Structure formats: C-alpha cells, structure tokens
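> Sequential numbering from -12 applies to the sequence shown in the numbering used here.
For the record, the hints were derived by calculation from the structure and aren't laboratory data. Treat each hint with caution, since some may be false.
Dumping the calculated DSSO-like pairs for lysine-lysine here, alpha-carbon to alpha-carbon at most 30 Å [as the list claims (entries may be wrong)]: (1) Lys160 x Lys80; (2) Lys114 x Lys74; (3) Lys114 x Lys100; (4) Lys80 x Lys114; (5) Lys197 x Lys160; (6) Lys197 x Lys114; (7) Lys111 x Lys100; (8) Lys160 x Lys74.
These numbers were taken from a predicted model, which means no experiment stands behind them.
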Amino acid sequence: MRPRGGHCGFAHRTETTGRLAMTNRKPALLALLLLPGLALAAAAQAALRVPGPLVDTAWLAEHLDQVLVMDVRANPRTYSVPPRWQKDRRTGKRFLAQLGGHIPGAVPVEYRKLRTERVIGGRKVQKMIPPRDVFERLMQAAGLDPDEPVVIVTEGFGPGDMTIATRVYWQLKYYGHDNVAVLDGGLLQWLLEGRPVETRPVRPKRGTWKARAERRELLATSEDVERARREGSAQLVDSRALAQYFGL
C-alpha cells in the first residue's frame, strides 16, 4: 500500500534534505572563508625570524608578542623593583639613578646557572658551557619552544653586559638554536626611550625545545688555537679586558 500522501511525502523529504544540505554547507563555507586568514596568521607566526644578531628597541616593541624575551642580568634582584629616576638640580633634566623592572613579558634567566664547572685535562675549569642536557632543561624552564625567536636582554651598562648577552647568544647557537638576537642597548636603552616596564614576575609555561648535537665548528679547543698560531691558518682575536691581556 502506498503511504498516504506518498508524493507529497517525497517532496517533503526532498525539501528537508535540501535544507539540511544547505545547513551543512554553512559551516563548510565559513571554514573555507576563514582558511586564508588562518593560513596567513600561521605563516606569519612561523615565518618570523630575527633580522640579524642585533635588534633595536623599535623592532622589539613591534614584535614583543611574537618573541621570547630572555632577561639575563648579573643582579637579578633589580628585575622586580621599579626603576628610580631623579632630576638634575642644575639642568632640570631627568636621569636614571637606578635601573629596575623588566620589559613586559621578559623571562628572567639566571646567568650563573648558564655556566658550570667542568673537568678538562684532569683539572676543574670554572664558567664553562653546560652539558647539552643541562642547558636544554634551563632553556625549557625559560619557556623556549623549537625555533622560537629569542631576544636576549641585559642591563646594558657596559662591556660586561655585552659579554653576558653574547655568551648566551653563542650557547644557543652552539646547541642548534639560530633564531636568536641581542637587544642593542639592553634594558637601559629601552628605559631611556620611555618604553614601558613591569615589576611582576613572569612564570612561563615549560617549553619543548630540544638541544641538538654540539656544533663543534663554533668552539675552538686549546689544540685548535695552537694549530692556528703555528700555521697562521686563522686570525686570533683576544677579546679580554686590557688588564687581562697584559697580565696585570
């Protein structure tokens, strides 16, 4: 027996099916419309590379939410206290009397932990690069993820701060992380330009970065230096302070 209103029922089913099809098309169409924007956003995030070994404050301010800022300083206590400004009585100009605070979102990294004691030639040598697994854990604790852009920030007062910055820069390179730069002028330059700082601590989520095999071409041994001196195969540059250079 044909159901009552069979033809009408067929028409109804067709209409209903059509509505369902149209309804199902809406999310699919919306997804298609969103895909280009999502792809561009993902590409922009993946494509961000530091422009060179040094970045200025303007570049960092523009990309602050896209990079990991590592704050490495000799006196970590100044990280959580505000900077102190004073006015020159003679000129009336304001000057920085005490550095303090940190760039928004900057993660504190203890410099003393980035160097370790190692036994070389049967002797204990201080302030050496940590083993790969130790350095990996330190960088993960700082929130570093694979290939994430890193900007290293020190206080910026003098050669000692540049030594700290370049040491961390080199260690990251040595263990395979090339997307890294140093902030030109450090925190001092950031403050002098009137840019914002914070004093509350930053506790990052643990990162997933993995240290790669040591890049031996970035580390010269005593034997390498002696060979270069004897054969004249490389230019030796002594970057120590003059007092050390002259043995004073």
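> None of the hints should be skipped; say for each whether it holds.
Hint by hint, here is what the structure shows:
1. Lys160 x Lys80: Measuring from Cα to Cα gives roughly 42 Å; hence the hint is violated.
2. Lys114 x Lys74: violated, 40 Å
3. Lys114 x Lys100: Roughly 9 Å between the alpha carbons, so the hint for Lys114 and Lys100 holds.
4. Lys80 x Lys114: Outside the cut-off at roughly 41 Å; violated.
5. Lys197 x Lys160: Roughly 13 Å between the alpha carbons, so the hint for Lys197 and Lys160 holds.
6. Lys197 x Lys114: Within the cut-off at roughly 22 Å; holds.
7. Lys111 x Lys100: Distance of about 17 Å is within 30 Å: holds.
8. Lys160 x Lys74: Judged against 30 Å, a Cα distance of about 42 Å means the pair is violated.
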